[in-house]
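**Student:** Got chain A; can you put chain B on it based on the hints?
This is what each chain is made of:
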Amino acid sequence: MNYHNIEILFVEDSADDAALTIRALKKGGVTNKLHHVINGAEALDFLYCKGEFATRSDQEFPKLILLDLKMPKISGLQVLEKIKSDPNLKSIPVVMLTSSNEGPDIEKCFALGANSYIVKPVDSDNFFKTVKEIGLYWLVLSQPAH
Amino acid sequence: MKKDDSDELIIANKKIAFQHQEKENRAAELIIANKELLFLNEEKEKRAEELAIANKELLFQNAEKENRAAELVIANKELAFQNEEKEKRAKELITANRELKKAEDEVRQLNDELEQKVAERTAQLESVNKELESFSYSVSHDLRAPIRAINGYTKILVEDYEAVIDEDGLKILQSIINNSKKMGELIDDLLAFSKLGRKQVTVSNIDMLDLVDQVKEEVLLEGHENRPEFNITELPNAKGDKSLIKQVWINLISNAIKYSRHKEKTAIEIGAYEEDDHIVYFVKDGGAGFDMQYYDKLFGVFQRLHSQEEFEGTGIGLAIVHRIVQRHQGKVWAESTLDEGSCFYFSLLNVNH
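Protein chains in written order, with the numbering used here: chain A, 1 to 146; chain B, 147 to 499.
Okay, chain B solo, but in the shape it has when bound:
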């Protein structure tokens, strides 16, 4: 072999060796590159997986959003419906208010009409009352005058012509005098009774014990054969017209005295008890009493259960008691045993009522 050739071979070998080295280097690099590629791929897959999860999440969120949107749409619809309802309700309220106003106006008008009617009726009643008053006035004036003349002239006959009139004649004249006097009393009583119906009842709290004491003193002043003995227990106060209730006591106590006249003594018991919202007062005597069989006549005007000879009177006293108590929305009643005595009751509203 030629040197040149061997040189050339050495060079060529060296070249090959280098090339091998290069190739090996390259291979090693490739391995590394491959490894990196593998790693990158792995990373990409991981990322893709993550993306897939994220996508799913996104999808879910979208679905949620859609759901929410749908709900919002429904809620909006509901709201719109409610608004409509509210408007409707508002309109209804306006209508209702208008109707209420109208109804109020009608009520007001009715009230006005009613008030006017009441005023008219009151005026009518007042005019009727005035007529009654002037009627009473005429009755008392015009009826009393002729009776007074009859009574007076008869009296003159008795006084001045006694000598020329015989005993029977004088008896007749005395009857005329008695009857005309009686008629005068009846007229006065009738007037007093009719006045009661017209009298205004002025209600106040009455100190009943004080009032009964007053009446007792007044009655005792009149003087009686049997001085009456009073047994007065506690008397609660009541509501009423003092002057009218005083009249009730006067009439009841005077009666108790009058009808005890034929008894040995006059014992009068006065008391009271509470019953519901009323107070019941009573006046009890041990006098002549009356037959309960005629009870329905007891409180009638000009009704009498005794003869004039037995006990004088016009029969107005208890009618007045009845009228007064009635005007106080109270009740009046009585119990009696003939010849043993009577008890008269009347009720008035309790002051606490």
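So here's chain A without its partners, still in its complex pose:
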């Protein structure tokens, strides 16, 4: 598989949320090359060019990471901590995606350096709108980190 020029790394364990999010991004005109991984371990492999991603160039960094918070094994919080404590990765904007605004994780996310925090709305109109806005904001409006 070609992992060249991937601009969005999308970390999401729910296939449904992933499908809906990807569709929303495309519908919203965010056509940047996206790679979807299904857990935290894969996300770290991708970023550190390990395992399946050993052939990926370690000089290329995604422009945006969409990171689900609640995932089995390595949680979004752990991935975030790893990214933000790595001098090579910490300038990549990370948008946390989560199903709820409950729980103690919101503060933790910002303390660890998350750039944004999005509660996935149940209503699909809102959901599409939110995802589209995330993509546009971080890929078009913000200055690229690299």
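To be clear, the hints were calculated from the coordinates, so they are not data collected in a lab. Keep in mind the model is a prediction, meaning the values are calculated, not measured. One or more hints might be untrue.
Unchecked claim - As a list, the in silico SDA-like pairs of lysine to any residue whose alpha-carbon atoms are at most 25 Å apart:
(1) Lys132/A to Ser91/A
(2) Lys276/B to Leu77/A
(3) Lys341/B to Ser91/A
(4) Lys70/A to Asn171/B
**Tutor:** Only chain B this time, still in chain A's reference frame:
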């Protein structure tokens, strides 16, 4: 007579005369002596009388002394008795003190035990609270996810497959979208409601007029068909958790606006009055009102007195108001006439209380 004889007689006479003289002298002396004796006797009698009086006096004094001595003996006995009593009392006091000390120790021990129990109970409650929190978290995360998928996929069907689904099918899909959206709102409301029960109430003096003004401005920002007209009279300050009481005002004022929607204008009256150590605030509208017959359902969770078509909502707003006011040891109640309007009241502790 012979001379000699006469001489002798003269001499003898002289002798007799002398003797007489002597006798007379002696008699006079005796008289004097007698007189003196008499006088001495008199003196002796006087003295004896005085002595008798002195004796009597002495006797009396002795008797007095004896009396006094007897009294002293009695007083001594009394004193001894009192000393004994004092000792007894002192012993009793020592015993009482000892008992007091023991009682204090027991109280202290009981307090310690109580504190420990409270600490244990608090720890239990905290752990239950944590469980509840993680339960709420799971509910909100795990229940929302599938509903989001249902809503999202249905939306895709409507958008991408419109051409191959007939009108009835599209109506059904729209119902699925509406219902799943509604369920999402219910879950969010339920969570917000359960969060309230766990939220710490931080009491401060609330500048009520300022708070209501804030809420009014926020509500007006939302934009409404009939711009609401507010008539706010003086609002005394009260004690409460500012963010929670703000929520009460938001819910009551939003309701007043919502249920006035079908009226020509939206007039909202906000005021307060003092009652005992409480302040009663009220929000009055001229909206749809409700039938007092169903009053007992008014503040229930997810209870609604109007249809979704008439007025949208999940039925959580007044339940939240009720829960918040209850957590402030206040009361909430309402009066209404169907089609004429409602007045909602809630009471909070006066700041001077």
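**Student:** Against this structure, judge whether each hint is valid.
**Tutor:** Each hint, compared with the structure:
Proposed proximity of Lys132/A and Ser91/A is supported: the alpha carbons are some 22 Å apart, at most 25 Å. At most 25 Å may separate the alpha-carbon atoms for a hinted pair to count; Lys276/B and Leu77/A meet this at roughly 20 Å. Simply put, Lys341/B and Ser91/A have alpha-carbon atoms about 35 Å apart, too far for the 25 Å limit, and the pair is violated. For the hint linking Lys70/A to Asn171/B, the alpha-carbon distance of about 165 Å lies beyond 25 Å, and the restraint is violated.
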